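Here the protein sequences line up with chains A and B, keeping their order. Using our numbering, the first residue of the first sequence is number 1, and each one after it goes up by one. Using our numbering, the first residue of the second sequence is number 1, and each one after it goes up by one.
As the list makes no split between identical chains, a pair holds if one copy fits it or if it spans any two.
Derived pair list, reagent style EDC-like, types lysine to aspartate or glutamate, alpha-carbon separation capped at 16 Å:
| hint | residue 1 | residue 2 |
| --- | --- | --- |
| 1 | K95 | D220 |
| 2 | K122 | D154 |
| 3 | K230 | D327 |
| 4 | K150 | D113 |
| 5 | K329 | D303 |
| 6 | K223 | E210 |
No lab work stands behind these hints: they were computed from the structure. These numbers come from a predicted model, not from an experiment.
2 protein chains.
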Amino acid sequence: MAQLRIPGPTPCPPEVLQAMSWPMINHRGPEYKKMLFDVTDKLKEVFQTKNDLYILTGSGTGALEAAVVNVLSPGDKVLSVSIGVFGDRWASIAKTFGADVINLNAEWGKAADPEAVKDAIKANPDIKAVMVTHNETSTGVTNDLEVISKVVKDAGKLLMVDAISSLSSIDLPVDKWGCDVVVTGSQKGWMVPPGLAMASISPEGWEAFEKATMPRFYWDFGKAESYLQKGQNPWTPAISVMFGLSVAMDMILKKGIQQIFNEQKRIGQMTRDGVKALGLSIFADEKYASNTVSAIAGSHGLDIGKLRQLMQSEHEIVLAGGQQSMDGKIFRIGHLGLVSEQEIEELLAALKETLPKAGFSP
Amino acid sequence: MAQLRIPGPTPCPPEVLQAMSWPMINHRGPEYKKMLFDVTDKLKEVFQTKNDLYILTGSGTGALEAAVVNVLSPGDKVLSVSIGVFGDRWASIAKTFGADVINLNAEWGKAADPEAVKDAIKANPDIKAVMVTHNETSTGVTNDLEVISKVVKDAGKLLMVDAISSLSSIDLPVDKWGCDVVVTGSQKGWMVPPGLAMASISPEGWEAFEKATMPRFYWDFGKAESYLQKGQNPWTPAISVMFGLSVAMDMILKKGIQQIFNEQKRIGQMTRDGVKALGLSIFADEKYASNTVSAIAGSHGLDIGKLRQLMQSEHEIVLAGGQQSMDGKIFRIGHLGLVSEQEIEELLAALKETLPKAGFSP
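All chains, please: the whole structure from these sequences, using the hints.
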């Protein structure tokens, strides 16, 4: 069995995989209703929120689209705080649906500067919302969302957060930090196959929803709410992934989220220390290096394509490459969700053996 | 194990359920690429099309939204040929995204009248597209799509088809009938859990795509096409459901689609004959009664809620109720995908025993 060390999908525990093969049930019947209520409540614990929360059938990108169309109108000015591929993608979605997007882009590998966010809001007092990526999967950087959220909320703006690769792995107290719309996806730290996305919305988010005029149907939180009252989703949900999520939520809450955050921190540090000891360098500004995904810079003659290929063929370890302009310049190690120190040790040992074969000579 | 006799999700073969629990793979790696190409080709065989075809992560309703936003612009005049809940839903989606929708609604239980479609197009020569439900799940009616498609194509209009509960169960030669955009969902005749939707688009559909200005991102067929070139989906797909679909496609093609269509016909007729022999009547105009789902009218004192409840508690057979204004007036039997004559016999025997307990006295 190959070791999947990409930043999603993540490996799934055997109990979760087994649940994926449970026979179908009526998604408008009592059994599903019980599961939906139960999983929704447990998700709120991990989101650390009392806000409304919905489970959507789709990829994380679908949830990013949902966030946009539920609270914005064409012409609304929004500040996109982007530090990589996924921040850029979210800005594209907002633009596609007619938002007037102001781009505040950091150099890739760096975190967003809260002062720059403050200045951008000051320079554009009529902005309605700020879109921020909590953890940028493409560069392995975690923004200081606590400080950024304070800046945004002090200015009275709506705070939209892409927490796809952070929630359940990195501390994100949604209510405490005043995050109005927060989205994540099942195939990340949740240890569940892809197919479901989760989104929370605050009372202020609902106020924006009431006035928002971007066209919405499939992703409409209003429809999600009216069906949730009956213990249903508006459209036929990915039932098997719900089965998996129901099992994973029990595992997550049994371990406890603070414990998971601590383990993720330790695993992140261990990975970074390990690759540096091999003579490699972390692509991200280390002060903001992510504990869920590490991006490692190519250097000293390293052929990243060859490295990934050899790691897979000789060690059955699947690593991720760089996206877009980062293709061939970095490789990425996903270490979120189901991961052990032993697996990281094995990965580092395999890297040590493989690096020279891929041209690396520091 | 309960017998799920609702019109989706349908029961899944053990081989499909087992595939649902396969471990995760990289959705941007060679193994997934091979599966995606393979499943896409096999889907085209069942669609009987050479058109482009995409697998989307979402519910069937997502695919209905995809069909709309990929070929239409706000203000476009479209003819909605609706014969039930799902036809109405599709019209709502088009309206939500700004289409100028002309409604041609048939009385529920009846099929669409091709002459009325012809007249509506004649009265509105500037319509751009016609939206038709092939099989209306809410009323158990199958439209005569062969005749309707001729009317639409003779008039040179774009033909959009909701084939969610027909494709793979009822003959629908997409190319022969000139269907420009056709959508379906994994949890119907495909015998796979929900989470994936499939959509085909013709060259004329692509021409419309080029000019269409409704906002699209997640559902964008252009993005789906550019990623398919690389053997990928644009966004992380529901990988487990793809595993299930890959197994189901082999089973479907091994049996052969003509054989499946014939079996479905026989099962449909057997179900209708059986319920009529019990003194019940078919809600649909029988000339157009669906071979995938039967809607049965409440009559002679029958308490439909009680019937469904007793069928589940005493016989472990799950039936569907009526939707919206049909609630309490009809019940529905799903008999698409994985279903045997023996199961229908058992269901009829259970109905015979339960009907009097639910107040039915003909």
